[in-house]
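Order-wise, the sequence lines are chains E and Y. Numbering that gives the first Met the number 0 applies: residue 0 is where the first sequence begins, and numbers increase by one. Numbering that gives the first Met the number 0 applies: residue 0 is where the second sequence begins, and numbers increase by one.
Calculated from the structure, these hints are not laboratory results. Any given hint could turn out to be false.
Claimed, not checked - Cβ pair distances, simulated, as ranges:
| hint | chain 1 | residue 1 | chain 2 | residue 2 | range |
| --- | --- | --- | --- | --- | --- |
| 1 | Y | Glu-132 | E | Leu-162 | 34 to 44 Å |
| 2 | Y | Gly-20 | E | Ser-194 | 23 to 33 Å |
| 3 | E | Ile-138 | Y | Gly-304 | 14 to 24 Å |
| 4 | Y | Thr-183 | E | Phe-115 | 31 to 41 Å |
| 5 | E | Lys-302 | Y | Gln-192 | 49 to 59 Å |
| 6 | E | Lys-302 | Y | Glu-43 | 46 to 56 Å |
| 7 | E | Leu-197 | Y | Gly-20 | 19 to 29 Å |
To be verified - Beyond 10 Å from chain E on every Cβ pair, some chain Y residues (computed):
| hint | residue |
| --- | --- |
| 8 | Asn-10 |
| 9 | Leu-72 |
| 10 | Gly-91 |
| 11 | Asp-100 |
| 12 | Pro-107 |
| 13 | Thr-183 |
| 14 | Leu-204 |
| 15 | Glu-240 |
| 16 | Tyr-243 |
| 17 | Glu-266 |
| 18 | Leu-274 |
| 19 | Pro-275 |
| 20 | Pro-276 |
| 21 | Glu-310 |
| 22 | His-312 |
What the hints assert, rightly or not - Over 10 Å on every C-beta distance to chain E, these chain Y residues come out as not near it, computed from the model:
| hint | residue |
| --- | --- |
| 23 | Gly-33 |
| 24 | Thr-61 |
| 25 | Asp-74 |
| 26 | Gly-88 |
| 27 | Thr-103 |
| 28 | Ile-125 |
| 29 | Gly-199 |
| 30 | Asp-223 |
| 31 | Lys-296 |
Heads up, the beta-carbon is just placed ideally off N, CA and C, and yes, glycines get one too.
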Amino acid sequence: MLKFTLKRLASLLLVLIGVSFLVFMLLSLTPGDPVRMMLGESATPEAQEALRKEMGLDDPLLVQYGRYMKNIVVHQDLGTSYSTQRPVLDEIMNVFPNTVQLAVAAMVIAIILGIFLGIISAVKQNSLLDNIVMVLALIGTSAPIFWIGILMILLFSVQLGWLPPSGFGSFEQLIMPAVALGMQSTAVVARMTRSSMLEVIRQDFVKTARAKGQREIVVILKHVFRNALIPIITVVGLQFGTLLGGAMLTEVVFSIPGVGRLMIEAIKQRDFPIVQGSVLFVAACFSLVNLAVDLLYAVVDPKVSKE
Amino acid sequence: MEKQNLLDIKNLSVEYKTEDGIVYAVNELNMEIGHKETLGFVGETGAGKTTTAMTIMGLLPTPPGKVTSGEILFDGRDMLKISDKERRGILGEEISIIFQDPMTSLNPSMKVGDQIVEMIRLHKTISKKDAMEEANKLLEMVGIRRERANDYPHQFSGGMKQRVVIAIALACQPKLIIADEPTTALDVTIQAQVMNLIKGFKETLGTSMILITHDLGIVAEICDKVAIMYAGQVVEYADVESIYMNPCHPYTKGLFNSIPKLDTEEEWLEEIHGLPPEPTERIEGCSFSPRCPNCMKICKHKKPGITYIDEKHYVRCFLYENQEVKTDE
């Protein structure tokens with residue numbers, strides 16, 4: 000188990016190096032010059048040249064990349080934001096708690112509602128209820144979140160005036176974005192729960208459990224659900240990883256200062272260190288969640304832990 | 000006074016609704032099992048043996064399955080009419096089942112000990128610790144070390160898993176065990192071990208058993224009675240001796256003829272020509288008539304009823320019905 004974890008951590012490191020390199024190269028290809036963004040259109044070519052030199056932007060790309068990586072490894076420094084002149088890591092850590100809060104709230108909704116609907120749907124397969132749940136899930140996965148978000152703001156904030164339309168901090172402000180964001184994950188989790196349950200429900204050991212005279216609800220929860228968990232954990236993990244990366248659209252629609260919005264603003268302003276830093280940060284979060292999911296498999300499936 | 004049978008199945012018909020039409024899985028099946036009796040339930044794949052077993056236990060998936068007629072009397076109670084709660088009390092406690100494939104009939108995420116404990120605690124009010132002790136004893140009874148109660152099914156071989164399944168089935172000392180091809184998925188040496196195990200428990204515990212099998216050798220060895228099943232019907236039902244000494248139905252005869260003989264050298268095994276009917280088609284006359292070497296005119300358009308050869312031996316075939324008519328005249 001320890002060996003497995005170490006191996007996964009090593010491969011995580013490789014992934015992060017790959018991600019940092021790709022992002023670095025991609026950003027250098029994007030049109031737009033950070034120096035001109037910082038100094039404005041009216042700056043003299045000499046002033047631009049001087050700043051470029053000061054920031055080391057006139058060095059070859061590989062040299063720049065090497066310097067960037069060295070700073071990360073040696074000083075744990077992700078660089079300094081061009082626009083605010085504050086350390087990138089501080090900028091990210093400033094907004095990350097908001098993203099975590101939103102992601103956790105959305106995931107709680109998705110796990111509870113998604114698994115509940117999925118189980119009901121599987122147990123009552125092909126019934127009217129099952130069909131309704133699956134159509135709703137289809138809508139949930141295909142409706143764009145910004146559209147749902149805007150509709151919700153129109154209804155609950157503008158028309159009914161129940162909830163604040165934007166901002167972050169209070170519980171009221173969390174409800175709408177969490178529901179909007181959670182809906183999509185709910186749909187994904189419900190569909191996966193249903194199909195995974197259906198696969199297990201037909202197996203012989205379920206018949207064995209019923210033949211013991213066990214109550215149906217215990218058969219479903221103890222024997223079927225437990226064995227259907229692995230694919231469900233996988234999608235929950237993937238969803239959570241994605242949400243931690245900042246739900247950009249949701250954060251923009253509801254004006255929530257999170258990692259997603261930070262990235263979008265940084266891209267608009269050609270604030271390369273912030274973009275690089277946050278992409279790297281998001282990739283690390285995503286990989287760590289995936290590692291946690293893999294470790295969870297071992298808890299759920301005795302076959303995994305023995306291997 | 001006639002002694003009451005443990006299990007009495009009368010005119011049972013079961014069908015499945017599928018996209019290709021209605022499958023007539025069991026048609027007017029009649030059979031009975033007395034206390035401490037073992038019934039061999041023999042027939043080709045698709046003859047409706049497993050459907051019958053699942054119907055007895057009330058575990059037939061509905062839909063697509065549906066019981067269209069008949070009754071199943073177990074110890075005087077009609078299993079088709081009792082409430083779910085009553086049935087749950089009977090399952091495990093009075094009737095238990097051993098499935099065909101031990102690889103899939105244990106829950107992969109539960110320790111085998113816990114799976115036995117679950118069965119015990121469903122039917123006995125007993126502490127977890129005592130139940131665990133009982134489970135350990137059961138494991139030892141079927142030839143598995145008690146320490147292995149803490150292992151998961153994937154750590155056992157196929158034969159060992161089937162022993163665990165047997166331990167679960169025996170946990171509450173049921174009156175009836177249904178063994179659905181309990182050795183089909185095992186290799187031959189293990190088959191013999193498991194079969195001996197089952198035979199031993201049947202004798203010491205005095206349970207009745209329905210043994211579903213293809214293997215006429217096993218039937219001869221451990222069964223008291225035999226029901227030969229063809230296309231959802233019991234075509235011949237008798238005690239073991241009568242079946243082996245005096246097989247009556249042409250299908251039964253065909254089955255025995257197809258057993259390779261050790262004392263003669265033969266190029267080809269005897270076979271029953273043709274294939275069993277598609278379960279979705281309803282044959283007008285006797286369902287075996289298209290393959291029957293003794294087929295008569297009447298077989299093509301009338302279904303044969305039950306004819307008693309002697310008190311404990313019946314057959315569904317016109318060959319014998321005529322004889323009876325003759326003797327009646």
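Going down the list of hints, with the structure as the test:
no.	hint	verdict
1	Glu-132/Y to Leu-162/E: 34 to 44 Å	58 Å, violated
2	Gly-20/Y to Ser-194/E: 23 to 33 Å	28 Å, holds
3	Ile-138/E to Gly-304/Y: 14 to 24 Å	59 Å, violated
4	Thr-183/Y to Phe-115/E: 31 to 41 Å	39 Å, holds
5	Lys-302/E to Gln-192/Y: 49 to 59 Å	26 Å, violated
6	Lys-302/E to Glu-43/Y: 46 to 56 Å	36 Å, violated
7	Leu-197/E to Gly-20/Y: 19 to 29 Å	24 Å, holds
8	Asn-10	25 Å, holds
9	Leu-72	19 Å, holds
10	Gly-91	4 Å, violated
11	Asp-100	6 Å, violated
12	Pro-107	6 Å, violated
13	Thr-183	13 Å, holds
14	Leu-204	18 Å, holds
15	Glu-240	32 Å, holds
16	Tyr-243	32 Å, holds
17	Glu-266	40 Å, holds
18	Leu-274	27 Å, holds
19	Pro-275	24 Å, holds
20	Pro-276	27 Å, holds
21	Glu-310	34 Å, holds
22	His-312	32 Å, holds
23	Gly-33	23 Å, holds
24	Thr-61	13 Å, holds
25	Asp-74	15 Å, holds
26	Gly-88	6 Å, violated
27	Thr-103	4 Å, violated
28	Ile-125	15 Å, holds
29	Gly-199	22 Å, holds
30	Asp-223	24 Å, holds
31	Lys-296	45 Å, holds
Checked against the numbered hints given earlier, this structure breaks hints 1, 3, 5, 6, 10, 11, 12, 26 and 27; the rest are met.
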